[in-house]
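K.L.:
Residue numbers (my numbering), protein chains in the order written: chain S, 1 to 222; chain L, 1001 to 1409.
Hints are supplied without guarantee of correctness; some may be wrong.
[Said to hold, decoys possible] In silico DSBU-like links for lysine-lysine, alpha-carbon gap of 30 Å or less:
#1 83(S) - 1003(L)
#2 1082(L) - 1130(L)
#3 1185(L) - 1106(L)
#4 71(S) - 1003(L)
[To be verified] Residues on chain L that point at chain S, a partial pick, calculated with CB under 7 Å:
#5 1012
#6 1013
#7 1016
#8 1248
#9 1252
#10 1312
#11 1315
#12 1316
#13 1317
#14 1319
#15 1401
#16 1402
[As the list claims (entries may be wrong)] Here are the in silico distance ranges between beta carbons for each label pair:
#17 198(S) - 1289(L): 48 to 56 Å
#18 1289(L) - 175(S): 54 to 62 Å
#19 40(S) - 1394(L): 29 to 37 Å
#20 19(S) - 1321(L): 28 to 36 Å
#21 1387(L) - 111(S): 29 to 37 Å
#22 1321(L) - 116(S): 20 to 28 Å
No lab work stands behind these hints: they were computed from the structure.
From the three backbone atoms N, C-alpha and C, an ideal C-beta is built for every residue, glycine too.
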Amino acid sequence: MIEAENLGKIYQDGEIRVTALDDISLKIGKGEFISIMGPSGSGKSTLLHLLGLLDFPTKGSIKIRGKDVSKLDEKQGADFRLKEMGFVFQFYSLLPELNVLENVCLPQLMLEGKSNDYAAELLEIMDLAERKRHYPGQLSGGEQQRVAIARALVNRPSILLADEPTASLDSKNAMNVMAIFKRLNEELGQTIIMVTHEEALGRMAQRGVWLKDGIVVGERRF
Amino acid sequence: MRKELIAFLAFRDILKDRRIVLLVIFLMTFSFINLTFFPAFLNGLSNTFQEEVIDTVTAHILVEPSADSKDKIIDHEAAARKKIELIPGVQGVSSRIVMPAAISYKGRQAAVPLIGIDPERERDASKIYKRIIAGEFLGKDDNEFIMLGREVAGERLEDKIGKTVIGKEEEGLGGVRLGDIVKVKFQNGVEREYKVKAVLGREVFSSVAESAFIRSDELSSVLGVHDKASSILVRLEDMGKADDVKALVLGMGIPNVQVKTWSEASNFAVGIKQTFGTVIYITSLVGIVVVVSTIGIIVFINVTRKRRIIGVLKAIGMHSGDIMFLFLIQSLFFVIVGMILGTVLLHVLLYYFSQNPLLLPLGFLVPSIGFDSIFWAWVIMFVSAVFAGYIPASLAAREKIIETIKVVE
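Build the full structure now, drawing on both the sequences and the hints.
P.N.:
Following this line, the structure appears as structure tokens:
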């Protein structure tokens, strides 16, 4: 489903060139749950950003369902993300002025111009149905992250990308989020790419990829 | 629908902090007032000047001897006056003879412009009859009477007690009263006595306050002239037609005269209007800077506070143009509400001051502003808001997603 070939990313800061990723090739199948792990500065978030079309690679290509998406311009990339991808970030990143249901419906409204019952269904799945009229400021961190997951899924994306989704949560809420990911993957066949620096959580995926200094240093099925 | 969604998000964000919203709207409202009411105030002030000059000195059209005329006098004034009276739209025509004279009373003397008028015609052409403070306007056979301007007559100390005092007690003739006899020494050496029939002027500035008036046939007889005038005042039913009537008067071929509209004749009033125009221009620039700064700062602060949310919105598929539109809507909302409230407040103020004119030393002031000035204030506010909102909004739209989503709030 996702094919990254010879992917590289170099950041130029004045005279200094920093190679964040170097020649990474990776294939991720439909319905796969993969975790990308490694120490800080290993390039795992950079890889996720490239796979999620949030940044452009310096070299290499990314194909999603056979389509070379690394050449999409900013607008095309935004449209592709809206239709095909869902994002969960480390910080809860909800709009504070919208209530839970409105936050979840937002991508749906952006894509279709109207909302349907799926947002409410997702809130049921996330055990947040009672909280749908609450505002983010009235929710705990774990609840906010579950709202963010529901928002990421509302357009039924083919890929869910999560960048350190549990880093801001306590262990109980972190396990809760991981359980949701596992359930989404196993019951709905959701393709998930998750970046984490916590190996114990990464091992809950089907496959792990380890990065160090911008290159793949290990790969294992769990 | 996408634009509707952006508008929805923009308004939700605006309404999040109502105190800030009220503060910004308050600032926008008063910025609009600054752009309109201050000019209206100055406009009213120049109108006060202008009306006084028209009502007492120039009327709407002023016919004077031409600059190269030898004795600075209009010959055959009666014929000229009668021709002008036939022009449609002319309400009144009055000839005046003006010459310097010295008036004395109880040992005091004042040098004044002495103006000879035809009282009946003057009532149609000017409004000096409305400037009577005490006494009566000159009548048909009042050749032995004189009307003195307030500052010429002066005031006695006992008359000033309890009143608004304009000028000093030692000014003028020191307090001439109605019925008193004053002696006038004309330029040709003739001296005559006149009984004071009226004192002219106002509690505030008036150009008649420094002049004296007698009948023009009296002045002509003293000077030994006939059918001559220093100026002819023409009052129109519609002052907007001054240029047309001026052209018609010029076409009559009255010899050795120059014809001026009120704006050409009253350089002083026009100069004041132009000066006020410059002041208005400068204060408008200040007003624009206030609008641009306020909107710019508000949007900039909002953009800075929302960097991560902007990144998230772009990450989930919002276009840069939508982000820009979101912040532009906010700046336009503030300015449009400010414009609406400002327009309402402006009209309330204009109505209040039309019912309660301000009394200034220069006269009664009624602030006045035309629709075109209000329209331009709208345009200025709107363009300022777009400009002020555009810069931070475009900065927000251009932010790289990966730079913004890392921001910790």
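K.L.:
Checking against the hints above, which ones are violated?
P.N.:
When the structure is compared with the hints, numbers 8 and 9 turn out to be violated.
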